[in-house]
Amino acid sequence: MTLTLTALTSPPARVDLSPLVPETTRGRSAIEVAGTAIRCGRDRVGVGELFAVSGYGTDELVLRGELGRIDRIGAGMRGGRLRVEGSCGDHVGARMTGGEIVIDGDAGAFAGAELRGGLVRIEGSAGASAGAGYPGTRAGMSGGEIVIAGDAGQEAGAAMRRGLVAIGGRAGDGAGLRMLAGTVIALRGVGAEAGMGNKRGSIVSGRPLRPLPGYARAVRYRPPALALQLRRLRELGLEVPDAMLTGAWTRWAGDRLELSRGEILIFDEEEVAAG
Amino acid sequence: MTEIRITGGAIHDPANEVDGEVRDLCLRDGRIVDDVGAQARTIDARGMVVMPGGVDIHAHIAGPKVTAARRLLSDDRRDDPIDRTELLRSGTGGLVPSTFATGYRYSLLGYTTVVEAAAPPLAARHVLAELRDTPMIDKAFLILMGNNQVLFELIRDGSAHLRDAIAWWLQATGGYGVKLVNPGGVELFKQSNGVIESLDDTIAGFAVTPRQVIEAIGSAVDGLGLPHPVHVHANNLGVAGNAATTLDTMRTLDGRQAHFAHLQFHSYGGEPGGPMRSRAPELLEHLAAHPEFTVDVGQVMFGDAVTTTADAHVSTVLRDLDGGKWLNHDTEVETGCGIVPYTYQAGNYVHALQWGIGLELFLLGGDPWQVMLSTDHPNGGSFLSYPKLIRLLMDRGYREDQLGRANRRAIRRTALLDDLDREYTLNEIAIITRAAPARRLGLRDKGHLGVGADADVTIYHDREDREEMFSTPRYVIQGGELLVEDGDLRRVQDGLLLSGRAPFDPAVAEVLEPLFGERYTVAFDHYPVRDPALREPARTVEAS
Ligand SMILES: [Zn+2]
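From first to last, the protein sequence lines are chains Y and F. Letter by letter, the first sequence follows residues 1 to 275 in the numbering used here. Letter by letter, the second sequence follows residues 1 to 544 in the numbering used here.
Don't take each hint at face value.
[As the list claims (entries may be wrong)] Mimicking SDA-like on lysine to any residue, the simulated pairs with C-alpha atoms at most 25 Å apart in a straight line are:
| # | chain 1 | residue 1 | chain 2 | residue 2 |
| --- | --- | --- | --- | --- |
| 1 | F | LYS325 | Y | ARG138 |
| 2 | F | LYS325 | Y | ALA181 |
| 3 | F | LYS325 | Y | ARG162 |
| 4 | Y | LYS199 | F | GLN39 |
| 5 | Y | LYS199 | F | ASP322 |
| 6 | F | LYS190 | F | LEU512 |
| 7 | F | LYS325 | Y | GLN154 |
| 8 | Y | LYS199 | F | ASP320 |
| 9 | Y | LYS199 | Y | GLY214 |
None of these hints come from the bench; they were simulated from the model.
Just chain Y, with the same shape it has in the complex (with noise of 0.2 Å):
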């Protein structure tokens, strides 16, 4: 039986759950995982007092109950399947190289933050900081994909240097903040200031978007490469129009701060009504 966690009740302050992944898991009893040290607040508990451990340890492990106030789910994960039946804390996912993650419902912020590989798929909403390097950091996430079915908040995917942040519903204000390169893509749209600083990355707006004035209209076409990735969304789950993969998209070249070299898509609807 898959190793299970459920919690036992809200705990009294955040608790650091990335010493347990399928990595250090598996193998291992309940009694044994329940003895393991994480921290909660300033202060070290005993798995056990926090969560009810069932099962044993595979590549799979799976989190139950009320679990917003736990942070770091899978962080720095290199391998295996974390499964989170309902919504849960900040930084889940934060730095993994491999894996996956699906989160049944909300993810809090930096949801996938500076993610190195694998795959964080969220069900339902993501807070600010999806996919985005951590305040100080240069170069953010590096590769992998991070799949929201919902809305992201603020700042998705900056300083992103390489991978995927797709997004079914809308990207708050800022998404794509000082990217290097890598893609966020928004059905819905994204908000306000999207790609301010952008280098070399691709921001992709699903509604129509009035780009910062760093940018600069270039094109209107259909861009092959971006219908491979529209195909590989919905591969993963998401919702995707048989509009987008064929209709025209408008590119727009910036951010003109950084040399030009980053663009941001807006999917045109009226060529499609045209057309």
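Fit chain F with the ligand to the given chain Y structure using the hints.
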């Protein structure tokens, strides 16, 4: 208070000409004594090496630039969190540890005294507050005086009050000694992005030259008889060909006591902008002929570092090399500051040459009493890399292995391939890491194990791997209290603040006040630090 008898260890106390003699060492009431009673706690040090506690003569551990470096390096620090325990405060480590972590980690390394080498006097409150929050170690700070506009005016006018002014400044700040950083050059950079080409360049607006500043302040500190002589970071740090400037600076101070900081960064031949080469041998020759001078090396260690300097111009040069995070900051009237994270790479010609020049300074036969160990923490590398540096000096095989990894072309331009078989002895290590720095700082109670000295003692396992040996002392005792056992902190205490003092004519205030009024945004009366919690307790070392 605790009485301790350390039995059976090999004592390395070069200041008292003791070289590995096996005998007991007795401690009582924070001092080294002849004997203790039978009830004394015994520490069995058989097969171990006993040295005075380490003394770091040049590091950057407190003050506004260190705080700025901590803020800039959030990405480095978050990978090294330190948990609170019953005994310890929480913090972060990395290249620039938080205050508590700085104290803990120096102590774990067997160091008991550390000098913050570049504090803006205007920020003395900040420096003192941080040093008060840096536990374990005894500490002192040097105040930056080489780009002070008020002093420029006194120097230009040939004022008889210069000495009094310097002594006043130490009294006003609680500082230990006087530091010059790129004298005149920081002011020139602040005014016009200018650089010093010769010591006889005029500093615009003041009609003084770097040479006059070096000469006047060096003589004043020498004349005051402060415990530590003028501590000089010469002009043109890091620039190809700067050895000429360094030699000129030394000649300017001929016959007066002076300490030259991180000499490695000032030992380059070649032309500005062109390829660098080593002029370490010439500088060592000059040092040998001038016993009034000492240096610390400022070794660079391959890996991550962060340059934190009052030499603001250097930071803008490094920023352009790297294009990454960078910070420059002005301190009105007194100095500048710059922070640039930096990585020294073994394969890089310049970095490998810098590494090689540092080793040349250590190995080419200089007197260890004149050439002390430093990495200019965190500029050339963290203080945590000292054990590795010690291994490079003590273990020829290891050194040659490391040489083989460094840029070939650079190493060929040093003397390191000339069958350089020198290996430091334990006593020589004790000289460059404690005895010589303590002596040079005028700390008579430190750096040795004679009766009456502070009971600051570090005991090491005598391991073949010197890096391992010096990384984790078996015991660290400070002020007679056992603080560290086998890599674990056992007790936390505040170290001493060490201040330097020389008598001065209080009438100098009447000279300084109007000059302050013209230049500072801080009122003269508010400038001196008076807060008792910052000033006391302190151990004051008087001029002689
Ligand atoms: Zn320094």
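Evaluated hints:
Note on LYS325 of chain F and ARG138 of chain Y: the hinted pairing holds, with a Cα-Cα distance of about 8 Å set against a maximum of 25 Å. A C-alpha spacing of about 18 Å is found between LYS325 of chain F and ALA181 of chain Y, which places the hinted pair at or below 25 Å, so the restraint holds. The suggested pairing of LYS325 of chain F with ARG162 of chain Y holds, with an alpha-carbon distance near 20 Å, which does not exceed 25 Å. At most 25 Å may separate the alpha-carbon atoms for a hinted pair to count; LYS199 of chain Y and GLN39 of chain F exceed this at roughly 71 Å.
Restraint check: the Cα-Cα separation between LYS199 of chain Y and ASP322 of chain F comes to about 17 Å, which is no more than 25 Å; the hinted pair holds. Note on LYS190 of chain F and LEU512 of chain F: the hinted pairing holds, with a Cα-Cα distance of about 23 Å set against a maximum of 25 Å. Under the criterion of a C-alpha separation no larger than 25 Å, the hint pairing LYS325 of chain F with GLN154 of chain Y is consistent with the structure, at around 23 Å. Proposed proximity of LYS199 of chain Y and ASP320 of chain F is supported: the alpha carbons are some 18 Å apart, at most 25 Å.
In summary, the hint linking LYS199 of chain Y to GLY214 of chain Y is supported, as the alpha carbons are separated by about 11 Å, within the 25 Å threshold.
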